[in-house]
Amino acid sequence: MKSSPRIHFATVALALLASTALPAGAQQKLLPAQSDISFVSKQMGVPVEGKFKRFDAQVVFDPKKPEAAKIAMTIDLASVSLGTAETEAELAKPDWFATKQFPQASFQSTAVKPLGGGKYDVAGKLSIKGVSHDIVVPVVLAQAGANTTASGAFTLKRLEFKIGDGDWKDTSMVANDVQVKFKLALAGVPAL
Amino acid sequence: MISTPTRYTATAIALHWLLAMGLLGSFLLGLYMADLPLSPQRLKLFNWHKWAGITILALSALRLVWRLTHRPPEDVPMPAWQVRTAHATHTLLYLLFFAVPLVGWAYSSAAGFPIVVFGVLPLPDFVPVSKALAEAIKPWHEWLAWAMALLVLAHTAAALKHHFVDRDQLLGRMWPGKARENIE
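In order, the protein sequences belong to chains A and B.
Residue numbers for the first sequence follow the working numbering, so the first one is 1 and each next one is one higher.
Residue numbers for the second sequence follow the working numbering, so the first one is 1001 and each next one is one higher.
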């Protein structure tokens, strides 16, 4: 049961691939070992960094037709690394990520707007804990050798996704703003 | 020629009692908060404990400088072994005034929770973020704090013994208020 969302997204990605009728090999491949998704939350003014160790992305992107790009991502919330074993156990609880009920967060792009110079605004739906919100994420592409790195950052309001519910709603203890940073290494992106 | 003072300076006395309260408070807070379940309340207490610890560290630095630049009063008459024990206890206490907060600071950094004093002054991390390192450091903060607690107990017991059993002027040298007459 746990793996079903992943299969689902793979199916979606395949369907997207078929529907956009790109030539074979046009779908890009995520290189997880060289990719990072991290976030910084502030607790009483203390910046605390967390990371997700398992995530996946399906990317269909042609620099010549950026508007047709499709990006789908899934993040295993149980793979979070933050502070001590105790804080990680806390994050799995219903007040935080509720990983039993909602094992994954997802992002599905709806529109990609090229800004020039390798910069893009990627609009899409971010879903965490059964709550979806539209977000716009600025992404910068940089190419080195065969690989392309897509990096960016955005601010997420944790309470909009019920992250830190109950006693933890108090934003004077844990700030509402969470800075999310990502660096996704992709293979197979055509030259910009 | 200036004779050896009979009392500690007002600054030394103020620092002694201020730090006595700070150390006792931080120690008790540390004991209380350590086993609380994770909650906003615990997070708050942990931050207060860290702020208190850094304040203690700063005041201890000031106190050490003061101690090194100001002559303390002469030892009251007592057997040589007691003089040696008292001096060794004071030296160990001074070492722990620095060791306990510094080890606590290192633990906080290693655990990925850098210290931001009073929520506004971020302190640098002098150890990397590492779960293994944090686990290795954690018991030391506790052990060293207990060692200091035992020394403080011995120090207090000795001071009371001097006051109530020996009935000498030892406690008067560190007691706040007006200078008392010397025993001679």
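No lab work stands behind these hints, which were simulated from the structure alone.
Do not rely on the hints blindly, as some may be mistaken.
Covered stretches of chain A (in silico footprint by chain B; criterion: 3 or more residues with CB under 8 Å from a CB of chain B, positions within the stretch not fixed) [unchecked claim]: (1) 70 to 84; (2) 116 to 126; (3) 168 to 178.
For lysine-lysine, the following BS3-like pairs were computed, each having C-alpha atoms within a straight-line distance of at most 30 Å [what the hints assert, rightly or not]: (4) A/K162 <-> A/K100; (5) A/K51 <-> A/K181; (6) B/K1044 <-> B/K1161; (7) B/K1161 <-> A/K42; (8) B/K1138 <-> A/K53; (9) B/K1044 <-> A/K29; (10) A/K64 <-> A/K29; (11) A/K100 <-> B/K1044; (12) A/K125 <-> A/K169; (13) A/K53 <-> B/K1161; (14) A/K93 <-> B/K1161; (15) A/K42 <-> A/K53; (16) A/K183 <-> B/K1161; (17) A/K119 <-> A/K169; (18) A/K64 <-> B/K1138.
DEER-style ranges, computed between Cβ atoms [claimed, not checked]: (19) B/E1135 <-> A/K51: 47 to 55 Å; (20) A/P63 <-> B/Y1032: 42 to 50 Å; (21) A/V140 <-> B/H1070: 56 to 64 Å.
None of the values given here were measured: they were computed from a predicted structure.
Quick reminder that beta carbons are idealized off the backbone N, C-alpha and C, glycines included.
Verification of the hints:
For the stretch 70 to 84 of chain A, the stated coverage by chain B holds: 3 residues have a C-beta nearer than 8 Å to a C-beta of that chain, and at least 3 were required. With a cut-off of 8 Å between beta carbons, the stretch 116 to 126 of chain A has 0 residues touching chain B; three or more are needed, and the interface restraint is violated. Counting residues of the stretch 168 to 178 of chain A whose C-beta lies closer than 8 Å to any C-beta of chain B gives 4; at least three are required, and the coverage claim holds. Straight-line distance between C-alpha atoms of A/K162 and A/K100 comes to about 15 Å, which keeps the hinted pair within the 30 Å bound.
Restraint check for A/K51 and A/K181: satisfied, since their Cα atoms lie roughly 9 Å apart, inside the 30 Å limit. Between B/K1044 and B/K1161 the alpha-carbon distance is near 39 Å, which puts this suggested pair outside the 30 Å criterion. Proximity of B/K1161 to A/K42 is assessed by CA-CA distance (about 50 Å); at most 30 Å being required, the pair is judged violated. Taking the CA atoms of B/K1138 and A/K53, the gap is near 25 Å; set against the 30 Å cutoff, the hint holds.
Restraint check for B/K1044 and A/K29: the C-alpha separation of about 44 Å exceeds 30 Å, so the hint is violated. Between A/K64 and A/K29 the alpha-carbon distance is near 18 Å, which keeps this suggested pair within the 30 Å criterion. Taking the CA atoms of A/K100 and B/K1044, the gap is about 28 Å. The hint holds against a cut of 30 Å. Restraint check for A/K125 and A/K169: satisfied, since their Cα atoms lie roughly 23 Å apart, inside the 30 Å limit.
As the CA atoms of A/K53 and B/K1161 are separated by approximately 60 Å, the hinted pair breaks the 30 Å bound. Taken as a hint, the A/K93 and B/K1161 pair is broken in the structure, with Cα atoms around 54 Å apart against an allowance of 30 Å. Distance restraint check for A/K42 and A/K53: the Cα-Cα separation of roughly 21 Å lies within the 30 Å cut-off, and the hinted pair is therefore satisfied. The straight-line distance between the Cα atoms of A/K183 and B/K1161 is roughly 66 Å, outside the 30 Å bound, and the hint therefore fails.
A distance of roughly 35 Å separates the Cα atoms of A/K119 and A/K169; the hinted pair therefore is violated under the 30 Å criterion. For the proposed pair A/K64 and B/K1138, the alpha carbon gap of about 55 Å is over 30 Å, so the pair is violated. At roughly 19 Å, the beta carbons of B/E1135 and A/K51 sit outside the given window of 47 to 55 Å. Restraint check, A/P63 to B/Y1032: a C-beta distance of roughly 59 Å breaks the suggested window 42 to 50 Å.
A C-beta distance of roughly 59 Å is found between A/V140 and B/H1070, which places it inside the suggested range of 56 to 64 Å.
When the structure is compared with the earlier hints, violations turn up for hints 2, 6, 7, 9, 13, 14, 16, 17, 18, 19 and 20 and for no others.
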